[in-house]
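There are 2 protein chains.
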Amino acid sequence: MPADSYERLVTKLKRVHHLGTVAGLLGWDEQVNLPPDSADLRAEQLALLAELQHAAAADSEIGTLLDELEDPVCHLLSDKCAGAADRRVVVREARKDYDRVVKLPAAFVAEKARLSSAAYHAWADAKERSDFSAFAPFLEKHLALAKQEAAYLGWGDRAFDYAIDKHDPGMTAAKLTELFAELKAGLVPLVREIAASPVRAKEGVFKGFPVEAQREFLREVTATLGFNYRRGRIDVSLHPFCEGPGADIRMTTRFDADNPLDSLFSSIHETGHGLYEQGLPLEAQGTPLGQNAGMGVHESQSRLWENQVSRSRAFWRFFEPRFREKFPAQLVSVSSEELYLAVNEVAPTLIRVDSDEVHYNLHILLRFELERRLFAGELAVKDLPAAWNALSEELLGLTPTEDKVGVLQDVHWSGGAFGYFPSYCLGNMMAAQLWFTVRAKYPELDTDFEKGDFSRLLGWLRTEIHEQGRRYETLELVRRVTGEELTPKYLLRYLRERYGPLYLG
Amino acid sequence: MPADSYERLVTKLKRVHHLGTVAGLLGWDEQVNLPPDSADLRAEQLALLAELQHAAAADSEIGTLLDELEDPVCHLLSDKCAGAADRRVVVREARKDYDRVVKLPAAFVAEKARLSSAAYHAWADAKERSDFSAFAPFLEKHLALAKQEAAYLGWGDRAFDYAIDKHDPGMTAAKLTELFAELKAGLVPLVREIAASPVRAKEGVFKGFPVEAQREFLREVTATLGFNYRRGRIDVSLHPFCEGPGADIRMTTRFDADNPLDSLFSSIHETGHGLYEQGLPLEAQGTPLGQNAGMGVHESQSRLWENQVSRSRAFWRFFEPRFREKFPAQLVSVSSEELYLAVNEVAPTLIRVDSDEVHYNLHILLRFELERRLFAGELAVKDLPAAWNALSEELLGLTPTEDKVGVLQDVHWSGGAFGYFPSYCLGNMMAAQLWFTVRAKYPELDTDFEKGDFSRLLGWLRTEIHEQGRRYETLELVRRVTGEELTPKYLLRYLRERYGPLYLG
Chain A
7 MPADSYERLV TKLKRVHHLG TVAGLLGWDE QVNLPPDSAD LRAEQLALLA ELQHAAAADS
67 EIGTLLDELE DPVCHLLSDK CAGAADRRVV VREARKDYDR VVKLPAAFVA EKARLSSAAY
127 HAWADAKERS DFSAFAPFLE KHLALAKQEA AYLGWGDRAF DYAIDKHDPG MTAAKLTELF
187 AELKAGLVPL VREIAASPVR AKEGVFKGFP VEAQREFLRE VTATLGFNYR RGRIDVSLHP
247 FCEGPGADIR MTTRFDADNP LDSLFSSIHE TGHGLYEQGL PLEAQGTPLG QNAGMGVHES
307 QSRLWENQVS RSRAFWRFFE PRFREKFPAQ LVSVSSEELY LAVNEVAPTL IRVDSDEVHY
367 NLHILLRFEL ERRLFAGELA VKDLPAAWNA LSEELLGLTP TEDKVGVLQD VHWSGGAFGY
427 FPSYCLGNMM AAQLWFTVRA KYPELDTDFE KGDFSRLLGW LRTEIHEQGR RYETLELVRR
487 VTGEELTPKY LLRYLRERYG PLYLG
Chain B
7 MPADSYERLV TKLKRVHHLG TVAGLLGWDE QVNLPPDSAD LRAEQLALLA ELQHAAAADS
67 EIGTLLDELE DPVCHLLSDK CAGAADRRVV VREARKDYDR VVKLPAAFVA EKARLSSAAY
127 HAWADAKERS DFSAFAPFLE KHLALAKQEA AYLGWGDRAF DYAIDKHDPG MTAAKLTELF
187 AELKAGLVPL VREIAASPVR AKEGVFKGFP VEAQREFLRE VTATLGFNYR RGRIDVSLHP
247 FCEGPGADIR MTTRFDADNP LDSLFSSIHE TGHGLYEQGL PLEAQGTPLG QNAGMGVHES
307 QSRLWENQVS RSRAFWRFFE PRFREKFPAQ LVSVSSEELY LAVNEVAPTL IRVDSDEVHY
367 NLHILLRFEL ERRLFAGELA VKDLPAAWNA LSEELLGLTP TEDKVGVLQD VHWSGGAFGY
427 FPSYCLGNMM AAQLWFTVRA KYPELDTDFE KGDFSRLLGW LRTEIHEQGR RYETLELVRR
487 VTGEELTPKY LLRYLRERYG PLYLG
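Note that the protein sequences, when read in sequence, are chains A and B. Start counting the first sequence at 7; every next residue gets the next number (this note's numbering). Start counting the second sequence at 7; every next residue gets the next number (this note's numbering).
Treat the hints as calculated values from the structure; they're not laboratory data. Even for Gly, the Cβ is constructed at its ideal location relative to N, Cα and C. Among the hints, erroneous ones may be present.
Stretch by stretch, here's where chain B covers chain A in the computed footprint (C-beta under 8 Å, at least three residues) [claimed, not checked]:
#1 32-40
#2 52-64
#3 225-237
#4 246-254
Bound conformation, chain A alone (with noise of 0.2 Å):
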């Protein structure tokens, strides 16, 4: 076997990383930039990209490289061998990416694409009209199409399972029904006392934030946090979001001159994702030791920074001010409390992106409880919509009165994303536990915060977690971070202690 076998791998996988990074940021560019006439021309770029990115993928000279390296004579992944360990991670990783795309047929990969196309358009219509039935078929036909997937690839009938594996590598149906039954024990009396509770934010505060301003201040608070306006930018899109690898990350926000909160706390959101992938072994770019560990992991940073950083008493001692320099007259009449209840203010509502982050996580066991079902066969897809009014209800206390603020509110069955809304809640968790684990190893963190000095929980967070690229599954990782499984426990003394002092007196 060659010796440069690995280095030839390396070649092959930088080669999809960066067939993928152009396709990021055209994809970025049609959310920011693109005229709305060119929308056909950009269809076709991404197209053809997406051909050139499967073909690189699918190089059969990267399947060749894997057996060689996998060979149990392989000196190169020997433990003898100086940083073998390193390349025992990529190619273990590699050849799952690589499983995933050749054991697919490329009919089956033309099948779905065609089915997400119609699909979504049926998706948009249905929710227009609120009228679910006219959308089933498609999701029955996606259900259909997950079960073959999950079987191509070796999964056999659990193919709930293999869509939650997508996401957070490792993960499984029977894991996250444990975990969110206690999450659920714990959160729904929580919001039912809150509910019962006579503090409420104060209404219309905010208005008359002036589009600029609100740009300054959220610039200065993503790069107090950290975020390397070097090596990414911030524009503004219709829905918020994050594109692009560590070496150029395209954050985008919206601005309303009378929800100027909306955008900041959106913006953190994308600056914690943003943080991960810059703190991803830049020298390991395109490689599974520079790509980051899934889904839940990545919305684990996304949330700390927003929830647990930036909802903060610290944080805002230290904000306060120079949000009301930006803005004197708007905030003349809002005291600091109110602000700060502002910034925390919990309010049930029917729609998850609206939601606050008390309500979020029964959103997320909501959608679980119905994908689990309907993978196991105990809902057929026509009794969805009953069946998510009913947990609706029980969860959220909130019934839907139509289903386009109900089961059509979400785009993601479209594109038969299944298996992918748990990551949300499983970052939620995660999240927590590295709050409580690094703020026992950093009591200074809250004088930190007050004195704006966010650096040495994003130190921590680089090392214990953005370096460590594709290395853990996510349930290791957490072990090895925080020194004890997965639990939502975290989760649940977190927003008691943050919202207990606040609404329950």
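Let chain A serve as the given structure and place chain B on it in line with the hints.
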């Protein structure tokens, strides 16, 4: 021969085209958006795209398809077959492109790329220190490679003709020599007369023009001229440029609060390029029928809108009130006549890119003459600065005091771009010739402009120039559209008519 050879050829050509548009977008993004430390990633992405584009353009199946289509018995290109004329153009031009790609050995292309990269840095450094001798070896090497390239392409020792033809198909050094001699004979006396005139544009009248209002005004102007902002946009970069296919044009400008005319006219210039691209037949996108006819023709469009149209009395009769509306205070002490003289300021400068349109062509004559002598072996690279300075004195009446404002001022030679500068002057001659042609046809154009209506002019350019794609070589296109051979006499006449009344009483 299979009947679908032509369709298969078109599919292949579109692939090359789309890869080019992706690289173009990345290039635009690099100038407009790229965070400072993300340049390494962009270089990797662009290198990969260049490799993919080269592979697509050199795809041997293109050669096979061209061979089939060029076969004398090929029905598809015979006069009896509907649409054959269009197909002949596509095959003819695709052959030129294909040969240009496959006749150059990969090692040669790589060597030229490496040299260009090294030469760029050497040039920047030499310019900084005003020391031509440090750059000379790179220019010598480029000259040698240019001769080698021409030989590879079958041009024998006609290396300069090959370099010219690359930018303006069909043009030769002999033809340029003839055109430029006539131009020089008329131009040098004109600039001498204007230099002797006591009339001078008032200095320092443009101060404190807010950028946001400048942006609004130039957007209004460019949209009124006909730029379709639904298929394009304008942003800010260090140097203005226009990038992208007609389906998605990205123009740039730059702003200076104390020089509003600079960004206005550079935007109009880029709008001229953009209008051309937007006017190329969209349905033929990716084939030579949907591509521009070369640099000279492209420049004729940018110059016509920038100079003939936008420095005219009629244009300003419409836009002056709008300009004053945007900047009432800034323009209060500037009379209409002073404004018009500022728009048409003539003053010699050593720097080509800062030159007014009267002197501009002299800068081109200077470079052309030096390139001609270099290729003919009449001038050694080491003697270039002395020859430059002598010609500068002869043509412009100015002698550079150092190389950075003389022979080292332009970046182009560091990339081996010989035969490139004449296109600018060709464009100016052609713009003037088109101008007299269209005004003879539509004497009411001035009245149109005074009403802010530029559609009649644009419609004519669309039909006569834009929609022709690469159907005709430059000289043939001029002959067909104007009924005359290309001649400098219209440019000379235009300059006398525009500047005579202002400067020569």
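Comparing the hints with the structure gives:
1. 32-40: With 4 residues in contact (Cβ-Cβ under 8 Å with chain B), the coverage given for the stretch 32-40 of chain A holds.
2. 52-64: As far as the stretch 52-64 of chain A goes, the hint holds, because 3 residues have Cβ atoms under 8 Å from chain B.
3. 225-237: Holds, because 4 residues of the stretch 225-237 of chain A bring their Cβ atoms closer than 8 Å to Cβ atoms of chain B.
4. 246-254: With 3 residues close enough to chain B, the hint holds.
Comparing the model with each earlier hint shows no violations; every hint is respected.
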